[in-house]
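Residue numbers (my numbering), protein chains in the order written: chain S, 32 to 327; chain A, 168 to 412.
Note that these hints are calculated values from the structure, not bench results.
There may be inaccurate statements among the hints.
Under the rule of at most 27 Å between Cα atoms (straight-line distance), these lysine-lysine pairs were calculated in the DSS-like manner [as the list claims (entries may be wrong)]: (1) Lys-395/A - Lys-341/A; (2) Lys-295/A - Lys-281/A; (3) Lys-299/A - Lys-120/S; (4) Lys-276/A - Lys-286/A; (5) Lys-219/A - Lys-219/S; (6) Lys-172/A - Lys-219/A; (7) Lys-261/A - Lys-239/A; (8) Lys-365/A - Lys-395/A; (9) Lys-261/A - Lys-219/S; (10) Lys-172/A - Lys-261/A; (11) Lys-286/A - Lys-299/A; (12) Lys-276/A - Lys-219/S; (13) Lys-219/S - Lys-239/A; (14) Lys-296/S - Lys-219/S; (15) Lys-219/S - Lys-180/A; (16) Lys-219/A - Lys-120/S; (17) Lys-239/A - Lys-286/A; (18) Lys-180/A - Lys-120/S; (19) Lys-299/A - Lys-170/A; (20) Lys-296/S - Lys-150/S.
Pair ranges (Cβ atoms, derived) [what the hints assert, rightly or not]: (21) Lys-276/A - Pro-121/S: 31 to 39 Å; (22) Pro-121/S - Lys-239/A: 21 to 29 Å; (23) Val-183/S - Asn-173/A: 56 to 64 Å; (24) Glu-296/A - Thr-156/S: 32 to 40 Å.
Owing to the predicted nature of the structure, the values given are computational and were not obtained by experimental measurement.
By construction, the Cβ of each residue, glycine as well, lies at the ideal position given by its N, Cα and C atoms.
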Amino acid sequence: MNFDLFFQYIVAGITYGTIYAVVAIGFNIIYNATGIINFAQGEFVMLGGMTAVTLLRYLPLPAAVLAAMIITMLVGGLIEILFIRWLYKPSVLRMIIITIGLSILIRETALHIWGEGVKALPYFTGTSVSSIKLGGVFISPQVLWVVGISAVMVALLNIFFSYTITGRQMRACSVNRDAARLCGINAKNMVTLSFMLSAAIGALGGCIVSPITYVQYDSGTPLAIKGFTVAILGGLGNSVAAVAAGLVLGILESFSIWVMPAAYKDVISISILLLILFVRPSGLFGSKEAADLKEF
Amino acid sequence: MLKIKNLESGYGKLRVLRRVTMHVAGGEIVTIIGANGAGKTTLLSTISGLLKPSAGEIAFDKQDISRTPAEKVVFLGCSLVPEGRQVFSSMTVKENLVLGAYVNYRRNKRDRVKTGLEKVYGLFPILKEREKQLAGTLSGGEQQMLAIGRALMAEPRLIMMDEPSMGLAPLIVKDIFSIIVRLREEGNTVLLVEQNAKAALGIADRGYVLETGRIILQGTAEDLLSNKDVQRAYLGRDLDTETTL
Ligand SMILES: Nc1ncnc2c1ncn2[C@@H]1O[C@H](COP(=O)(O)OP(=O)(O)O)[C@@H](O)[C@H]1O
Ligand SMILES: [Mg+2]
């Protein structure tokens, strides 16, 4: 394998890995707030992409992306308020069933609105064939958009959770819900907020990746599986580790094409998922100490 | 300040509290003593709004709070230091305290947050030293101080404490209890739940004895200390493990 090809694989791996990380972060935010996995997370990604494609008829691209994020965010909040907020201490099993039900509901609604057609946003700059020369190799500018926007998003999220009062409240609720309530924090609102945040992040992911991967009413599910794998691999709830885990999975997948048929690409993530669940459920980067400090 | 009448509460079908009637007047230290499982934590959880009572009245400053959720009760000036500290373990000491002052953030009184911090650091200088440390890495005594400090950050008029001496070394228990006395001297009202009956009655004005969800005895701290039943059930046994003040 020559260096150029090697580099292409790396770039492709990083691109997909970044998206997986974005989806995983969406999982983590809701997991931290509620202790549940939101199986409709992939649908937020799809909704973001689809909505942006539709809005592009009326708005310039950046505005369409922003509006798609806001709309998906409102959908996320609405879903929480309608289907989850009023439940009194629901069991994990019940929450799994509800979020899987929601994912089906969103998918079917998307099918009615947009049909089965495959859609895509245009490349943010240039076209599908334009490329930028970077250290002797050519890469698509969209790759830089994906990685750049995701990096900024992760940085902003970190600032939000570390330094803003609302971010700290959300963290407090995830560490100890009752103690947070005793401080005057409305835990239910924090859960709604976590759904809104996850939905917006998912939507952004759906927008930036759609020029490369396209978007369809059911394209959320495979992304959710990858994102879930990454979230588990990094250790549930740990968003920094999710970025690392995302890159690991993306690059592994990318190089798997080298040793086995592309059709088996998805086998990688499923095998990793099962392996991790059997061998190291706290995740690759989840330390035992950190797990002990968390209260659930 | 706090008036409770015929309060009944529990978990689902399990009834724990049965017709509990008690009160706390402003400026008092009132203690509730009782064995493990008597319902002390259930009582404080119900007052603080974490649990909803199935019957009875809870009035705080003449306002009915029996249906008020926990996050609203704090805003009225009634804070709970929960059993087992319950600090935000993966957050720093300072973050814990700042979160405790959320009430003042909401009221747009940021300057009060700062004065509150200074006051808590004055009361517990060790917390100032550990400011940037994760709360989960503190010792048990330090965590208890943090839990008390966090509750004080909301500037409550009534502070309720659930077994602050639990699992702590006698010397540290002594520290904590002297802080409670000091809090009262500064005009706070304290409702103190303890298994450590001798220490609690030692600093309290009045006390209630809770047994299987009922108040079976009440009186001034001296009366309870000299009461034969109390001596036998709560003071006589295990004298060497009790802390003397
Ligand atoms: N979360 C809970 N769910 C169900 N039952 C509980 C719960 N917490 C306490 N209990 C029961 O309620 C009774 C009173 O407990 P508690 O109020 O914690 O007593 P204390 O604080 O005096 O030790 C006990 O019988 C206990 O088993
Ligand atoms: Mg208790």
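Verification of the supplied hints:
no., hint, result
1, Lys-395/A - Lys-341/A, "holds, 26 Å"
2, Lys-295/A - Lys-281/A, "holds, 13 Å"
3, Lys-299/A - Lys-120/S, "violated, 34 Å"
4, Lys-276/A - Lys-286/A, "holds, 16 Å"
5, Lys-219/A - Lys-219/S, "holds, 16 Å"
6, Lys-172/A - Lys-219/A, "holds, 14 Å"
7, Lys-261/A - Lys-239/A, "holds, 23 Å"
8, Lys-365/A - Lys-395/A, "holds, 14 Å"
9, Lys-261/A - Lys-219/S, "holds, 24 Å"
10, Lys-172/A - Lys-261/A, "violated, 38 Å"
11, Lys-286/A - Lys-299/A, "holds, 18 Å"
12, Lys-276/A - Lys-219/S, "holds, 24 Å"
13, Lys-219/S - Lys-239/A, "holds, 13 Å"
14, Lys-296/S - Lys-219/S, "violated, 40 Å"
15, Lys-219/S - Lys-180/A, "holds, 24 Å"
16, Lys-219/A - Lys-120/S, "holds, 14 Å"
17, Lys-239/A - Lys-286/A, "holds, 24 Å"
18, Lys-180/A - Lys-120/S, "holds, 15 Å"
19, Lys-299/A - Lys-170/A, "violated, 40 Å"
20, Lys-296/S - Lys-150/S, "holds, 23 Å"
21, Lys-276/A - Pro-121/S: 31 to 39 Å, "holds, 37 Å"
22, Pro-121/S - Lys-239/A: 21 to 29 Å, "holds, 23 Å"
23, Val-183/S - Asn-173/A: 56 to 64 Å, "holds, 58 Å"
24, Glu-296/A - Thr-156/S: 32 to 40 Å, "violated, 53 Å"
Checked against the numbered hints above, the structure breaks hints 3, 10, 14, 19, 24 and satisfies the rest.
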